[in-house]
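Undergrad: In case you want the letters, here they are:
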Amino acid sequence: MLLSAYQEPIYFFIRRMIVSHDDAKDVMQETFIRVFRSLNQFRNESSLTTWIYKIATNECIRFMNRRKENTISSEEINEEALNSIKASEYIDYSNEMAVKFQKAILRLPEKQRLVFNLRYYEALEYSEISKITGTKAETLKVDYHYAKEKIKNYMTNE
Amino acid sequence: MNKSMNNDFDFDKIGKTTPYLTPEGFFNDTQDKILKKVQEDRAKRRRLRIAVITVMTAAALIAGLIFIPRKYGDMPDSKQLATKSFTADSEGTKKVAKEITHIQPEKETPTRISYNSSEKAKKASADTSVTDYHRNINDDWIEMLSDEDLNTLTALADNDEFLN
Chain A
1 MLLSAYQEPI
11 YFFIRRMIVS
21 HDDAKDVMQE
31 TFIRVFRSLN
41 QFRNESSLTT
51 WIYKIATNEC
61 IRFMNRRKEN
71 TISSEEINEE
81 ALNSIKASEY
91 IDYSNEMAVK
101 FQKAILRLPE
111 KQRLVFNLRY
121 YEALEYSEIS
131 KITGTKAETL
141 KVDYHYAKEK
151 IKNYMTNE
Chain B
1001 MNKSMNNDFD
1011 FDKIGKTTPY
1021 LTPEGFFNDT
1031 QDKILKKVQE
1041 DRAKRRRLRI
1051 AVITVMTAAA
1061 LIAGLIFIPR
1071 KYGDMPDSKQ
1081 LATKSFTADS
1091 EGTKKVAKEI
1101 THIQPEKETP
1111 TRISYNSSEK
1121 AKKASADTSV
1131 TDYHRNINDD
1141 WIEMLSDEDL
1151 NTLTALADND
1161 EFLN
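Chains as they are written, first to last, in this note's numbering: chain A, 1 to 158; chain B, 1001 to 1164.
Worth flagging that the hints you see were computed from the coordinates, not collected in a lab.
Wrong hints could be hidden among the right ones.
[Said to hold, decoys possible] If the Cβ cut is set under 8 Å, some of the chain B residues that face chain A in the computed set are:
#: 1; residue: 1016
#: 2; residue: 1021
#: 3; residue: 1022
#: 4; residue: 1030
#: 5; residue: 1033
#: 6; residue: 1037
Cβ atoms here follow ideal geometry from the backbone N, Cα and C, with glycine treated the same way.
From just these sequences and the hints, can you work out the full model?
TA: Written as structure tokens, this is what we have:
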């Protein structure tokens, strides 16, 4: 029941961060293994949704950190993510606006990308995002605002 | 595409659409795989927990066997040591008597059986261990002495300027 309810939203959340379908599949599996492993430790300090997204976020970060080991700069990391969207399977390239929009998001720094995705796509409250990222809600609002500005800039000027 | 866009990009135009696709039946297949992996993970953790408990129990048993002393084992037996110090040989008895400094009976004030030796008694290992160990030694050891040894000791006591 838990898997049925959360599998799809968690997969697409991870996919938006990582891009590659195969990588997102692996990260998603790891996420749910951890969820089931730690289910008895869930303390109701946050909602189940927030808790599961937190585990998914940590797994994404873990995956991206492993990828960082082979790269030198944050520009290279973003470049790699952008290259993934060019070369990846299971992407609908016919929807050019959607592809461009994702490219705009992938150009954001990791933290801003995360905040934007959680707010824009998952529609989570800032208080919930704060529990997931460990950042104050006010900081998150600023992050989200700047992320939207950058995306707007890219979509209109590029 | 870019020229036709307004200067202000409208997020509502794109909404939550993404270009990401999945293979057919992906979510059904993945659900089965995840459940299988979760079961394997649980079985693995259970085996690991059992192994850790077994190793810790074995380690505790071994530590107990090594470090907890046996009841009648390593500690020197007072009677054995007493008899060892005062063996049948009277020469040996005299020698040992000189070296003994303190032997205290169990309850009363200490009775010093020390011979008038000017130098400080060097603490020989076995005998000193008798003296240090058995300050509360009872008189049983006296009964184990031979008559000859008893006579010798009595003679020593008679000549002891501290006792008389």
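Undergrad: With reference to the structure, classify each hint as holding or not holding.
TA: Do the hints match the structure? See the list:
The criterion of a C-beta within 8 Å of any C-beta in chain A is met by residue 1016 of chain B, whose closest approach is roughly 6 Å, and the hint holds. Because the smallest distance between the Cβ of residue 1021 of chain B and any Cβ of chain A comes to about 4 Å, under 8 Å, the interface hint for this residue holds. With a least beta-carbon distance of about 6 Å to chain A, the hint placing residue 1022 of chain B at the interface is held under the 8 Å criterion. The closest approach between the C-beta of residue 1030 of chain B and any C-beta of chain A is roughly 7 Å, which is under the 8 Å cut-off, so the hint is satisfied.
Taking 8 Å as the C-beta cut-off, the interface hint given for residue 1033 of chain B holds, the closest approach to chain A being about 7 Å. Interface hint status for residue 1037 of chain B: upheld, as the beta-carbon distance to the closest one in chain A is roughly 6 Å, under 8 Å.
Violated hints are absent here; each numbered hint is respected by the structure.
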